[in-house]
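*Asks:* Residue numbers (numbering that gives the first Met the number 0), protein chains in the order written: chain A, 0 to 243; chain B, 0 to 435.
Simulated from the structure, these hints should not be mistaken for laboratory data. Fair warning: there could be bad hints in the mix.
[As the list claims (entries may be wrong)] Pairs of lysine to any residue residues, derived as SDA-like cross-links and limited to a Cα-Cα distance of at most 25 Å, are as follows: (1) B:Lys51 to A:Leu49; (2) A:Lys51 to A:Pro88; (3) B:Lys51 to A:Thr58; (4) B:Lys164 to B:Lys192; (5) B:Lys149 to A:Met224.
Note that the coordinates shown come from a computational prediction; the quantities given were computed from them, not determined experimentally.
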Amino acid sequence: MIRIRNLESGYGKLRVLKGISIHVNTGEIVAIIGGNGAGKTTLLYTIANLVKPFSGTITVLGTDSTGLSPEKTVALGCSLVPEGRQLFPTMTVRENLILGSYPLMKKREKRRLPEEMERIYSLFPRLKERENQLAGTLSGGEQQMLAIGRALMSDPQFIMMDEPSMGLAPIIARDIFNKIEDLRNHGRTILLVEQNARAALRIADRGYVMETGNLIIEGSSEELMDNPDVGRAYLGKDFKRISE
Amino acid sequence: MIYERENETRSREDMEQLQIERLQTTMHRVYRNVAFYRHSFDSCGVNIERIKSINDLAFLPFTTREDLLKSYPYDMFAVPLRDIVRIHSTSGTTGKPIIVGYTRNDINIWTSLVTRVLAAAGITNHDFIQIAFKYNLFTGGFGFHYGAEKIGASVIPASTEDVEKQITIMKDYKTTVLVSTPGYALHIAVVLKELNIHPEELFLRTGLFGAEPWSENLRTQIEESLHIKAYDNYGLTEIIGPGVAFECEKQCGLHINEDHFIPEIIDPETLETLPEGERGELVFTTITKQGFPLIRYRTGDISSIVSEPCQCGRTLARMERVSGRTDDMIIVEGINVFPSQIEEVLLRIEGIEPHYQITLDRKEGVDTMEIMVEVEEEFFSDETKILENLRERIEREISSHLGIGAEITLVEPKKISRSTGGKLKHVIDRRDVLSK
Chain A
0 MIRIRNLESG YGKLRVLKGI SIHVNTGEIV AIIGGNGAGK TTLLYTIANL
50 VKPFSGTITV LGTDSTGLSP EKTVALGCSL VPEGRQLFPT MTVRENLILG
100 SYPLMKKREK RRLPEEMERI YSLFPRLKER ENQLAGTLSG GEQQMLAIGR
150 ALMSDPQFIM MDEPSMGLAP IIARDIFNKI EDLRNHGRTI LLVEQNARAA
200 LRIADRGYVM ETGNLIIEGS SEELMDNPDV GRAYLGKDFK RISE
Chain B
0 MIYERENETR SREDMEQLQI ERLQTTMHRV YRNVAFYRHS FDSCGVNIER
50 IKSINDLAFL PFTTREDLLK SYPYDMFAVP LRDIVRIHST SGTTGKPIIV
100 GYTRNDINIW TSLVTRVLAA AGITNHDFIQ IAFKYNLFTG GFGFHYGAEK
150 IGASVIPAST EDVEKQITIM KDYKTTVLVS TPGYALHIAV VLKELNIHPE
200 ELFLRTGLFG AEPWSENLRT QIEESLHIKA YDNYGLTEII GPGVAFECEK
250 QCGLHINEDH FIPEIIDPET LETLPEGERG ELVFTTITKQ GFPLIRYRTG
300 DISSIVSEPC QCGRTLARME RVSGRTDDMI IVEGINVFPS QIEEVLLRIE
350 GIEPHYQITL DRKEGVDTME IMVEVEEEFF SDETKILENL RERIEREISS
400 HLGIGAEITL VEPKKISRST GGKLKHVIDR RDVLSK
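Isolated chain A (complex conformation):
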């Protein structure tokens, strides 16, 4: 589904990604975990072509998407749920969703809009209830659902999620993670970036650990959970032992 080779990227002279190689198979949830400033968001932005890579290749669904425009990347079936939701707070839930249907409009398939809206509403019934409410008045969890819903409006095969649990109460975060698993069970492929490593690995099939622009560990979720290095750095495993 997605194959990335030796991706280097950054901002101006700042080299953030120093040669990243990852792959995501169809129907998988893959987690990228790592601390602040490791380059996780830059990786997603580069795959979405919001940031231009310095070098390396990105192949999405068999097509070389390196250096395409963001719109064309979305049209390939590759969609991003950004960190902090990035909604339009003074627009309604419905309007926010319609904004996500831009690729449909471009393909002159406006008539498919109601159908797509229904699809999103059936996944997130809460959004239907709040259809005409302003996005800014939603709770954190609802806003995250809306952000995911908006990304789904273009009917993407591949969805990237940047810190979907950020700022959410644990119980709400669990809800969101359940929804992400649902999406995978409905055939979507997901690349998940999370600081909440434990929660991410719980739903992911595989994962990569990123540190200062490099990947230093890869493996199945079980392998990463059992990896003492990952435990110490990201799961807080030793904390208990020290305090005892």
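Fit chain B to the known structure of chain A by using the hints.
*Replies:* What follows is chain B alone, placed relative to chain A:
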């Protein structure tokens, strides 16, 4: 049966993607955690971020046996020792062996790789597997044991019980699979004959043999005398133990578990990478090991590699069965011995000239090692008891230092024949192990 279909039948493209991802993470970990690699890469001017494809391995320095010996005991470990759950070592009970460590994840991977080896030979949970490898620092016993348990077979850790006991177990416990060195299998066959037990009285149907090189001749001999199908497998302690490469039912080369070990063939003289199909020294880079990762480890084994998919459905590249060594290492009953180790033992004993000759032979399936040693003239003028004591002492020392028995013959100085250059041939191998 293909045990891990996804991992054993990947397209070449997918395999390369996986290999490069794993190679890159391994490079970062060894650079951070192993001083040897940090120095070695820095001094060769290698920037690890420049490793962008499998072919770039050619820019990396090699790791040799000597490097590992120098790192004794733990200098090559890439994780804190508290994360190590198992330690094995190469042979040599004293002196300096190579110590290898496994994390829990390394053990899990090792287990699954051995499971692939067993499944490829048709082993299932219905089998009784008799493991006649030593259960000790040597990786053979424990390596096969865990894999066999994972496949669900009934494992009989017969280990180093004497041969008659092995045969009794085989007969009474209804063993279906024998795991041992090929030499030992032949030994069992010989003793069976002596005991007048027909192979059909046994339940044995499959044998997995490794830990020493063997020939097609020997395979035929074992298969005919035990009425089994015999499979070859390859592994070495430094890389992981058994589970590096294995034969499938097609028996046309040994499938390398490439998703964990990247193989290369190099010219042992020029150190250039050789193209596919050419024979040279086998080199491995481990790409998933945590405890003891190795970059471009020179095995000293001679082989060649083809990557064309096999008729069995596996796409894992295949290595030709090992056809020799680049160095003077000899393998006796599955134990690796360097003549230099024997020399070291001899030099510590007074009255011995550092001139010796090792003769290897195989009698009734059992490897024998005879060492002819030159001793100072004066010993021969004294009473024979002193000579006999010296002989016994050497035997004892060899056995306790190298873990193998040897028959010692003491001779007068200059008695061992030199070649025309005055050079002494240290090893004469009369076992027909490598003839095709």
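*Asks:* Run every hint past the structure and note whether it holds.
*Replies:* Checked hints:
1. Our distance criterion of 25 Å between C-alpha atoms is met by B:Lys51 and A:Leu49, whose separation comes to about 24 Å.
2. Between A:Lys51 and A:Pro88 the alpha-carbon distance is near 28 Å, which puts this suggested pair outside the 25 Å criterion.
3. Distance check on the hinted pair: B:Lys51 and A:Thr58 sit about 16 Å apart at the alpha-carbon level, within 25 Å; holds.
4. Between the alpha carbons of B:Lys164 and B:Lys192 the distance comes to roughly 15 Å, so the proposed pair stays at or under 25 Å and holds.
5. Annotation: proposed proximity of B:Lys149 to A:Met224 holds, straight-line Cα distance about 21 Å (limit 25 Å).
Taken one by one, the earlier hints fail for this structure only at number 2.
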